[in-house]
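Given next are the chains, with one letter for each unit.
2 protein chains.
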Amino acid sequence: MSARRVVGVIGGMGPDATVDFFAKLVAATRAGSDQEHLRIVIDNDPGVPDRTAAIEGRGESPAPRLAAMARGLVAQGAELLVMPCNSAHAFAEAVREAAGPVPFLDLIETTVVATRERLPAVAAVGLLATDGALAARLYQDAFEAAGVRALVPLGDDQRTVMDAIYAVKRGSAMRGPANRGAADDAVRARLRLVAERLAAAGAEAIVAACTEVPLLMAEGDVRHDGGVLPFVSSTDELVRRTLAEATGEG
Amino acid sequence: MSARRVVGVIGGMGPDATVDFFAKLVAATRAGSDQEHLRIVIDNDPGVPDRTAAIEGRGESPAPRLAAMARGLVAQGAELLVMPCNSAHAFAEAVREAAGPVPFLDLIETTVVATRERLPAVAAVGLLATDGALAARLYQDAFEAAGVRALVPLGDDQRTVMDAIYAVKRGSAMRGPANRGAADDAVRARLRLVAERLAAAGAEAIVAACTEVPLLMAEGDVRHDGGVLPFVSSTDELVRRTLAEATGEG
Chain A
61 MSARRVVGVI GGMGPDATVD FFAKLVAATR AGSDQEHLRI VIDNDPGVPD RTAAIEGRGE
121 SPAPRLAAMA RGLVAQGAEL LVMPCNSAHA FAEAVREAAG PVPFLDLIET TVVATRERLP
181 AVAAVGLLAT DGALAARLYQ DAFEAAGVRA LVPLGDDQRT VMDAIYAVKR GSAMRGPANR
241 GAADDAVRAR LRLVAERLAA AGAEAIVAAC TEVPLLMAEG DVRHDGGVLP FVSSTDELVR
301 RTLAEATGEG
Chain B
61 MSARRVVGVI GGMGPDATVD FFAKLVAATR AGSDQEHLRI VIDNDPGVPD RTAAIEGRGE
121 SPAPRLAAMA RGLVAQGAEL LVMPCNSAHA FAEAVREAAG PVPFLDLIET TVVATRERLP
181 AVAAVGLLAT DGALAARLYQ DAFEAAGVRA LVPLGDDQRT VMDAIYAVKR GSAMRGPANR
241 GAADDAVRAR LRLVAERLAA AGAEAIVAAC TEVPLLMAEG DVRHDGGVLP FVSSTDELVR
301 RTLAEATGEG
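If you're matching them up, the sequences are chains A and B in order. Each position in the first sequence, counted from 1, maps to that position plus 60 in our numbering. Each position in the second sequence, counted from 1, maps to that position plus 60 in our numbering.
Hint data in this document are derived by calculation from the structure and do not stem from the laboratory. Quantities reported herein were computed from a predicted structural model and do not represent experimental measurements. Incorrect hints may have been included.
A short, non-exhaustive set of chain A residues, derived as facing chain B with CB atoms under 8 Å [what the hints assert, rightly or not]:
id : residue
1  : 76
2  : 86
3  : 100
4  : 105
5  : 106
6  : 220
7  : 257
8  : 259
Now the in silico label distances, taken between C-beta atoms and shown as ranges [claimed, not checked]:
id : chain 1 : residue 1 : chain 2 : residue 2 : range
9  : A       : 120       : B       : 250       : 38 to 46 Å
10 : A       : 95        : B       : 245       : 20 to 28 Å
11 : A       : 308       : B       : 219       : 49 to 57 Å
12 : B       : 308       : A       : 260       : 48 to 56 Å
13 : B       : 95        : A       : 195       : 17 to 25 Å
14 : A       : 176       : B       : 201       : 57 to 65 Å
15 : A       : 93        : B       : 207       : 33 to 41 Å
16 : B       : 204       : A       : 253       : 56 to 64 Å
17 : B       : 160       : A       : 96        : 51 to 59 Å
18 : B       : 181       : A       : 219       : 30 to 38 Å
19 : B       : 161       : A       : 283       : 40 to 48 Å
Here a beta-carbon is modelled for each residue, glycine too, at the ideal position from N, C-alpha and C.
Input sequences plus hints: build the corresponding full structure.
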């Protein structure tokens with residue numbers, strides 16, 4: 061226990077993605093009792109200004125709010141910070157500065173490294189991300205530096221991705237399998253088609269480069285040429301890395 | 061937005077119950093975007109000493125740790141405190157003192173009031189709770205004061221309830237429908253039998269008086285005399301009350 065690090069979660073972007081990250085982190089922890097689980101402090105602040113709007117110059121910067129959350133979590137005892145929102149990583153520098161000596165696990169770097177390790181033969185990936193994350197080139201530059209080509213949905217297809225992500229944020233697309241309606245199935249089906257067109261354009265794996273995407277799509281959902289396309293969830297990769305770093309079992 | 065209150069969650073008892081409360085609170089919030097959701101700060105500290113052991117005089121008191129969590133959450137901005145663990149309410153006074161002027165929504169009171177409102181004709185309920193919660197008479201006294209008889213499982217049946225609750229805490233009984241194994245189905249089946257014996261003894265409704273129980277049992281699961289017994293989930297009632305108090309729509 062004593063060697064374990066307290067995890068601080070800069071969350072709320074959106075709340076469903078934070079719930080998903082928290083649930084997966086708890087589920088992934090090997091524990092024989094409450095007391096063997098990790099301490100996790102969460103600031104689920106959905107009031108953080110919209111990341112895509114800020115990146116596109118249409119809205120207020122979320123950086124001061126993200127920095128304040130980082131400071132608050134460190135004050136609460138966080139010894140390791142994570143931010144399960146890819147687009148917000150356009151403002152990661154502000155978080156790093158606010159965190160001071162407390163390490164911040166970068167979600168983009170984590171996902172790119174995990175993709176290279178899991179899928180060393182893959183030369184091109186398809187990105188499902190927000191307009192903001194794409195405009196900031198968070199994943200394109202990181203994959204390029206790792207020698208992997210990053211394909212993005214074009215035109216209407218990228219609008220479909222944004223519609224799907226904001227449907228989750230509205231809470232209409234994901235309330236657990238029991239409450240899923242026909243409208244949500246349609247959102248999922250359209251997103252799957254976008255992923256399949258990325259595959260047709262040369263993507264050998266799909267990267268859920270937005271933490272809302274794994275709420276709509278899972279490994280096995282995207283098919284191409286009679287096979288199943290590998291699927292990399294940025295949420296799941298951050299869970300794995302957080303657990304490894306927090307428990308020292310990395 | 062400005063009228064909404066920041067919710068502070070004293071959590072980690074156990075982590076799965078905190079995930080469940082958080083997920084249900086987010087899902088229950090009517091919101092058109094991230095920014096319309098509630099800010100929720102969570103201290104998921106599974107290191108809090110075991111509540112039942114403390115109540116039975118076999119272990120350290122969790123009160124100082126609970127008070128510290130309350131103070132930390134208030135420092136983080138919490139304007140309303142909740143603690144989704146029934147047994148920990150044996151130490152609610154310490155939380156109330158630490159919270160100062162910040163209101164603390166009592167889970168026991170919330171559940172008893174909701175039971176009376178939803179089921180005014182019910183004269184006797186069956187409690188599924190920890191040994192600690194029963195020894196502290198948290199629900200028995202509150203239901204008695206409300207004119208409702210509270211029945212508790214006897215002997216081996218109460219041991220079955222404790223085994224089921226601690227199976228959730230070990231993480232073996234609940235990892236979502238996809239990962240549920242035969243062992244977990246057996247835990248659920250045994251818990252259902254205990255509830256049915258409470259019904260046979262006169263309980264007209266089952267109260268999940270432990271926040272791990274709704275992870276194992278739901279409305280419709282408990283049958284008696286060819287009908288379905290009403291089921292009151294303390295987690296769900298706390299979600300409803302929290303939402304009402306935080307949004308001012310109560």
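| field | Whether the CB-CB distance between residue 176/A and residue 201/B falls inside 57 to 65 Å | value | With a Cβ separation near 60 Å, residue 176/A and residue 201/B satisfy 57 to 65 Å, so the hint holds.
| request: Would you settle whether the hint for residue 257/A is holds or violated, based on the nearest Cβ-Cβ distance to chain B being less than 8 Å? | output: Not OK, violated: residue 257/A not within 8 Å of chain B, min 28 Å.
| Taking the CB of residue 181/B and the CB of residue 219/A, does the distance hold inside 30 to 38 Å? | violated, 54 Å
| said: 56 to 64 Å was suggested as the range; check whether the CB atoms of residue 204/B and residue 253/A agree with it. | reply: About 60 Å separates the Cβ atoms of residue 204/B and residue 253/A, which means 56 to 64 Å holds.
| request: Using Cβ atoms only, decide whether residue 220/A comes closer than 8 Å to chain B, and label the hint accordingly. | output: violated, 18 Å
| request: Let me know if the C-beta of residue 86/A comes in closer than 8 Å to any C-beta of chain B, holds or violated. | output: With Cβ-Cβ at 4 Å, under 8 Å, it holds.
| query | Taking 38 to 46 Å as the hint, is the beta-carbon distance of residue 120/A and residue 250/B inside that range? | reply | violated, 54 Å
| Does the interface hint hold: is residue 106/A within less than 8 Å of chain B, judged Cβ to Cβ? | holds, 4 Å
| Verdict for residue 308/B, residue 260/A (Cβ pair) under range 48 to 56 Å | 51 Å Cβ-Cβ, so the 48 to 56 Å window holds.
| message | Quick check on residue 259/A please, does its C-beta sit within 8 Å of some C-beta on chain B? | response | Since chain B brings no Cβ nearer than about 25 Å to residue 259/A, farther than 8 Å, the hint is violated.
| task | Note whether the CB distance of residue 308/A and residue 219/B lies within 49 to 57 Å or breaks it. | result | For residue 308/A and residue 219/B the Cβ distance comes to about 36 Å; the hint is violated.
| message | Less than 8 Å between beta-carbons is the criterion; does residue 100/A satisfy it with respect to chain B? | response | holds, 4 Å
Checked against the numbered hints given earlier, the structure breaks hints 6, 7, 8, 9, 11, 17, 18 and 19 and satisfies all the rest.
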